[in-house]
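One line per chain: the protein sequences are A and B, in this order.
The opening position of the first sequence corresponds to residue 3 in this note's numbering, with each subsequent residue numbered one higher.
The opening position of the second sequence corresponds to residue 3 in this note's numbering, with each subsequent residue numbered one higher.
Hint data in this document are derived by calculation from the structure and do not stem from the laboratory.
As the structure is a prediction and not an experimental result, all values here were calculated from the model.
No false leads were mixed into what you were given.
Since copy identity is lost for identical chains, a pair holds within one copy or between any two.
Distance condition first, Cα-Cα at most 35 Å in a straight line; then the derived DSBU-like pairs of lysine-lysine:
| id | residue 1 | residue 2 |
| --- | --- | --- |
| 1 | K4 | K138 |
| 2 | K287 | K172 |
| 3 | K138 | K287 |
| 4 | K138 | K81 |
| 5 | K46 | K138 |
2 protein chains.
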Amino acid sequence: MKFALPYLIFLGDAQADLDAKTAFGVRDWRPGACVAQWALAGGKVDLGLPALAPAAAFATGARSLLIGVAPVGGQINPKWIPALVQALEAGLDIVSGMHTRLESVPEIAEAARRTGRALHNVRHSETAFPVGTGQKRPGKRLLAVGTDCALGKKYTTLALARAFQTAGHKATFRATGQTGIMISGAGVAIDAVVADFLAGAAETLSPANDPDHWDIIEGQGSLVHPGYAGVSLGLLHGSQPDALVLCHDPFRTEIDEYPGFLIPPLATVIDLNVQMARRTNPAAKCVAIALNTSSVSPEEGAAILRDHEQSEGLPCFDPMRSDLGPIVAGIVAAC
Amino acid sequence: MKFALPYLIFLGDAQADLDAKTAFGVRDWRPGACVAQWALAGGKVDLGLPALAPAAAFATGARSLLIGVAPVGGQINPKWIPALVQALEAGLDIVSGMHTRLESVPEIAEAARRTGRALHNVRHSETAFPVGTGQKRPGKRLLAVGTDCALGKKYTTLALARAFQTAGHKATFRATGQTGIMISGAGVAIDAVVADFLAGAAETLSPANDPDHWDIIEGQGSLVHPGYAGVSLGLLHGSQPDALVLCHDPFRTEIDEYPGFLIPPLATVIDLNVQMARRTNPAAKCVAIALNTSSVSPEEGAAILRDHEQSEGLPCFDPMRSDLGPIVAGIVAAC
Numbered sequence: 003m004k005f006a007l008p009y010l011i012f013l014g015d016a017q018a019d020l021d022a023k024t025a026f027g028v029r030d031w032r033p034g035a036c037v038a039q040w041a042l043a044g045g046k047v048d049l050g051l052p053a054l055a056p057a058a059a060f061a062t063g064a065r066s067l068l069i070g071v072a073p074v075g076g077q078i079n080p081k082w083i084p085a086l087v088q089a090l091e092a093g094l095d096i097v098s099g100m101h102t103r104l105e106s107v108p109e110i111a112e113a114a115r116r117t118g119r120a121l122h123n124v125r126h127s128e129t130a131f132p133v134g135t136g137q138k139r140p141g142k143r144l145l146a147v148g149t150d151c152a153l154g155k156k157y158t159t160l161a162l163a164r165a166f167q168t169a170g171h172k173a174t175f176r177a178t179g180q181t182g183i184m185i186s187g188a189g190v191a192i193d194a195v196v197a198d199f200l201a202g203a204a205e206t207l208s209p210a211n212d213p214d215h216w217d218i219i220e221g222q223g224s225l226v227h228p229g230y231a232g233v234s235l236g237l238l239h240g241s242q243p244d245a246l247v248l249c250h251d252p253f254r255t256e257i258d259e260y261p262g263f264l265i266p267p268l269a270t271v272i273d274l275n276v277q278m279a280r281r282t283n284p285a286a287k288c289v290a291i292a293l294n295t296s297s298v299s300p301e302e303g304a305a306i307l308r309d310h311e312q313s314e315g316l317p318c319f320d321p322m323r324s325d326l327g328p329i330v331a332g333i334v335a336a337c
Numbered sequence: 003m004k005f006a007l008p009y010l011i012f013l014g015d016a017q018a019d020l021d022a023k024t025a026f027g028v029r030d031w032r033p034g035a036c037v038a039q040w041a042l043a044g045g046k047v048d049l050g051l052p053a054l055a056p057a058a059a060f061a062t063g064a065r066s067l068l069i070g071v072a073p074v075g076g077q078i079n080p081k082w083i084p085a086l087v088q089a090l091e092a093g094l095d096i097v098s099g100m101h102t103r104l105e106s107v108p109e110i111a112e113a114a115r116r117t118g119r120a121l122h123n124v125r126h127s128e129t130a131f132p133v134g135t136g137q138k139r140p141g142k143r144l145l146a147v148g149t150d151c152a153l154g155k156k157y158t159t160l161a162l163a164r165a166f167q168t169a170g171h172k173a174t175f176r177a178t179g180q181t182g183i184m185i186s187g188a189g190v191a192i193d194a195v196v197a198d199f200l201a202g203a204a205e206t207l208s209p210a211n212d213p214d215h216w217d218i219i220e221g222q223g224s225l226v227h228p229g230y231a232g233v234s235l236g237l238l239h240g241s242q243p244d245a246l247v248l249c250h251d252p253f254r255t256e257i258d259e260y261p262g263f264l265i266p267p268l269a270t271v272i273d274l275n276v277q278m279a280r281r282t283n284p285a286a287k288c289v290a291i292a293l294n295t296s297s298v299s300p301e302e303g304a305a306i307l308r309d310h311e312q313s314e315g316l317p318c319f320d321p322m323r324s325d326l327g328p329i330v331a332g333i334v335a336a337c
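Let the hints inform the model, and build the full structure from the sequences given.
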């Protein structure tokens, strides 16, 4: 997928960083592609980029507005519509990861026609996917699984893919969500696939490859998430992972925005994922735990990693802080 | 949904009864709505209805051609196109449960325009579903789960819904597949929902109800199916069943059309379904096993039921042969 670069990152009136995970993902992994941020009145998220409205952003070089907010349900908020029209009128394309197609909003469709700007719906694939076959494909695969949404599966797999490559292994990051696609330029937004073709889309995403090539596959949701577990299971079956990496936020005790839904013990979540994964790859195993320790000091983070290594009996790492060389070597040796 | 009745059932060139399960379902549960069948050259399926081409069927009263074939992937076979055009030209509407929309085939769209006939795509809902919330709703719910696809989940729930009603309980059959929708006139084809909204669609299908009302929910696929397990899990989480009924074909040892994928022991499949169901309804339990014994004599079928009752320790029944009164009474007492 080709988008006009660089981006003005649109933050809507998001109140919390977790609501703008697309914005942070693109800023962190495509920093050269981000020149400015733009929030609506009342917005509280700050990426640390210059704050510019569309016309000023265009003048400094921006060529697309990227919707950096990720609301539950993926709908276009009516409050955004005047802002998106303003961006088109300033000369910017729009790059969106919403379920709602941009052109389905009449004001946006009309403004795009009038200004000649492009509308990109990253979440929608034009591919017709097959039903999953369960047939084993050559090549090694690693999949991030989680105790919840939005706790580091994308960062973990982006960091691991880079570390695999740095260590001299053939490895490809496979995006399964809109932000990952915006970062890597390819992939399938697995949660937007028609349900019957979930496993088939996951099979298509990591096709047969060299026996020593690693697909590092971004995870989605969680098998214990009341809303999204179906997506997670289709992705798990279709990915046929040899290696699972469990991603967890050590400060989260219940599912985000689902009060009362406690996160089970990590060993329970690991056992469940391994059991389900073995249906399509009997060799599947959990090889490591990725912990998001970004909210504490490096020393406290290191202590959390040590504690979890002892209690869980698996290598633990923070994808943004740990030396990933030994983690990669351990994974390759284990599979 | 309103369709012009009665139906001419279209069988394509299906070779096996299992490939025409829509046709058998509608024949068995809406017998008064089916006046004739029509197979292409080489077709081997026989519903026992008069074999009539579209013009003759129209002359005997047929007003819609219903596509009774259910191919994997749900695509419209190019071989069917001239036949479907012929049906429109004979004055019949078309009722389809395919993923492919009828109007996306240019020849069919053109013929429908020219003849003024209606095209019904039962698998597609116009509803925008929410993300699943996991919030418990009042009312009792029963969900059929399975060891595989196409072994009796629809027949089991249709028969149970009728038996609940006969026993004086408030009960509603909730269709989750195209054939169930064609039979009952309402429902959601859950496998055609965008994956992010799987659990939310299932929640929408059986909304809050009287505490003593039973939703009897048609199951889809299986948690151990390599292609469709994601659909099954989203339906399970969103349905929040109090009662699970496991549906099984006692003569099937591996997943149909997935050679090498053995069906696990029934107790394993039950444990897996109950474990997952308890995420959204901690009271979920498996209350009975429905066995499809249609391929053997009534005496042999009864022996199979007795054997399974002993080995599995649960009430076992054949939905088309057993007296369901005691089964219903047992389910109500257990929940």
